[in-house]
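Protein chains in written order, with the numbering used here: chain G, 15 to 390; chain B, 15 to 390.
Hints in this document: simulated from the structure, not taken from any laboratory.
Hints are not guaranteed to be accurate.
Just so you know, same-sequence chains aren't split out, so a pair can sit in one copy or run between any two.
Computed cross-link-like contacts, DSS-like style, restricted to lysine-lysine with a CA-CA straight-line distance of at most 30 angstroms [as the list claims (entries may be wrong)]: (1) K244 - K126; (2) K244 - K20; (3) K280 - K43; (4) K51 - K83; (5) K51 - K68; (6) K38 - K83; (7) K34 - K83; (8) K68 - K244; (9) K75 - K148; (10) K51 - K129; (11) K237 - K68; (12) K83 - K69; (13) K214 - K237; (14) K244 - K328.
The residues making up each chain are set out below.
Protein chains: 2
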Amino acid sequence: MCEDVKFNNDICSSSLTIEKDTDKDQVSKIPKNVDLKFGEIMSPHMLIVEWTEKKGWSAPKIQRYQDLKISPISSCLHYGITCFEGMKCYKTTSDKTLRLFRPDCNIARLKKSMKRLGMPGTDFEGKQLLKCIKELIRLDKDWVPYGEGYSLYIRPNVIANHQCLGLATPNSLLLYVITSPVGPYYPSGFKPIRLKSETKYVRAWTGGTGDVKVGGNYANTIKAAHIATKDGYDQVLWLFGKEKVITEVGAMNIFFVIKNSSTNRKEIITPSLGRGDVLPGVTRRSVIEITQKWGDIDVHEIDLSINDVSIASKSGRLLEAFATGTAAVITPISCIEYGGLNMNIPATGEVTRKLFQSLVDIQYGNILHEWSVTID
Amino acid sequence: MCEDVKFNNDICSSSLTIEKDTDKDQVSKIPKNVDLKFGEIMSPHMLIVEWTEKKGWSAPKIQRYQDLKISPISSCLHYGITCFEGMKCYKTTSDKTLRLFRPDCNIARLKKSMKRLGMPGTDFEGKQLLKCIKELIRLDKDWVPYGEGYSLYIRPNVIANHQCLGLATPNSLLLYVITSPVGPYYPSGFKPIRLKSETKYVRAWTGGTGDVKVGGNYANTIKAAHIATKDGYDQVLWLFGKEKVITEVGAMNIFFVIKNSSTNRKEIITPSLGRGDVLPGVTRRSVIEITQKWGDIDVHEIDLSINDVSIASKSGRLLEAFATGTAAVITPISCIEYGGLNMNIPATGEVTRKLFQSLVDIQYGNILHEWSVTID
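Produce the entire structure from the sequences given, and follow the hints as far as they go.
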């Protein structure tokens, strides 16, 4: 127990209090799988932990999902001092037990994002927070939908709550976790997406915040996404620098399956993290690690320009392309527009399908794997 | 009147409703000038206007300053979709009438920031919003402090209030305006600041959002500011690219007074806006326009690298340097650190003082000028 400690560096799961929602109508309003849209329906409870300069992390609390009361001068509302994570809880296909996918990776990245924003309170170890998140999911376990493609989306969010208009290291934070039952991104199987290369707006840059998951990375993408949609494409392909190096797609990482012109062997290529403008995605990392275990296809984290991809496409060596992220897991790419021309890509290819199935098998416990953490 | 219109493209000042704070203790708690710290004490009332996809801009409302109720999934809290302005209301030295400084510039920039973030609702004309802001100030007129250096800081803020975890063009916005009585940034006259050049973190980038006033531009500066302070400096000097071009200082624009090595004449130099990574500050623009009217000093909007400034400093041609912004108006710079070496700059120089006085004379109505707009 941590109650007697004057300043808590860590979140203390043993101090967790639970105030259940007593509105039975609300709690039993579990949506049907067919009604699930991404991120619109929220589960009945939320986890909330405050950090203050005086006391560090307060006792975590699970309470009814409810509006937050925020001061009009709170620094999250003016200076975009927010960072978040996206993770999922899956129901095991065989016995409906609950599983998280690599939650340690998400919590480690949340801390990294907080540090990049100069937030205090980053000394927490992560295990305690994970315990509290598990407790939240246990309480709303009936809200975890069952079936392949269905899951409970979990959104930890940290907002600065410094109450002064002067820009400063925040003296107060609010960490909260909300959950939302979600269905498959593409209910009728894979739906390949078409990308429009963005040449005016830039998502991230070296020395910026592109390698962490902070609010400002997303605010600056809405306009470009709107233009892409208006032009008949699904997502933006983000390029960087004079060489038009490919970095991300929408809010996902990108992979190419290309036949090497020298060896004639299939290779998987994804942008490197070296410049610091690409998010180190958990699904990205998992795809790399899975293919490394396969052993029959080389994986390279190297930079490709849009021109490199165009040359590979013209010579018939661009075999597949796909995007990765927590929400859609793996999304095949069927077309990339650049300079007014459409590059068509075969979709959905063998590697894309095999990787998707490998991830799904781990996530739903079809095969046992250390990445899949059960909630007892 | 606009009540009968189904969708309001503009904010309608004639529909403004006022709910006065009836708590007399609160309303009469006007702070003494000596107790004013920047952005900590807020005036009793706030202006609030909602935008929704269905109705456009709702009837504006002045109400008691109070916490906002915000949904935990509101997109401002996750994706940093926020933009704001900083402006000031001054009490005329001679007769205490109220004056705003170039409010049209701030409102135009607010719209530009909203557009860059892909926010809807940007068809409002600005005049109506300004009328509402004037009404807010009139109501709390006793909170505008009197005396040179004292003013009412006005903070219009626009936050996206889209209630879905999916990143999207927001279907709901909240525009609110709060005000705060503030004192001079440097109560005992000019206090020159010392800058630390930042070589790891980069504030903004071409194709990013550096030329608008959005939340994400500020969140990513806190860490560097913290390091600079720890190292004994007051603010960060932001550099760009391999050439280490000077862009901004802290959250202010920067100016140099340099003696031209060919003509031997004083010149004022400030970074150009061409790359799109420098905020077009209202004080910046005013300084340029004032010196252009003087006619005896050339003003150039061109890029200087830190090396250029170092060479000018070593040869004794770097005469003055100062930062500009709404909060501190003009702040002299006495030192720039780069690569572990300190470049000392004479402060506070003649041009710095003369520009400061010119601005203050307009702001406090000591001289009549079209930039100064009275509130009747």
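Each hint tested on the structure:
1. K244 - K126: between (35 angstroms within a copy, 21 angstroms between copies)
2. K244 - K20: Result: close only across copies, 26 angstroms inter versus 55 angstroms intra.
3. K280 - K43: neither (49 angstroms within a copy, 73 angstroms between copies)
4. K51 - K83: Cα proximity of K51 and K83: in one copy and across copies (27 angstroms, 24 angstroms).
5. K51 - K68: Classified as between: cross-chain Cα gap 21 angstroms, same-chain 41 angstroms, threshold 30 angstroms.
6. K38 - K83: Both: 24 angstroms inside a copy, 24 angstroms across copies.
7. K34 - K83: For K34 and K83, both the intra-copy (19 angstroms) and inter-copy (21 angstroms) Cα distances are at most 30 angstroms.
8. K68 - K244: between (50 angstroms within a copy, 20 angstroms between copies)
9. K75 - K148: Within. Shortest intra-copy distance 13 angstroms satisfies the 30 angstroms Cα cut-off; inter-copy 43 angstroms does not.
10. K51 - K129: between (33 angstroms within a copy, 28 angstroms between copies)
11. K237 - K68: Between copies, since 21 angstroms is at most 30 angstroms while 40 angstroms is not.
12. K83 - K69: both (20 angstroms within a copy, 25 angstroms between copies)
13. K214 - K237: Cα proximity of K214 and K237: in one copy and across copies (11 angstroms, 28 angstroms).
14. K244 - K328: within (27 angstroms within a copy, 54 angstroms between copies)
Going through the hint list in order, the structure does not satisfy hint 3, though it satisfies all others.
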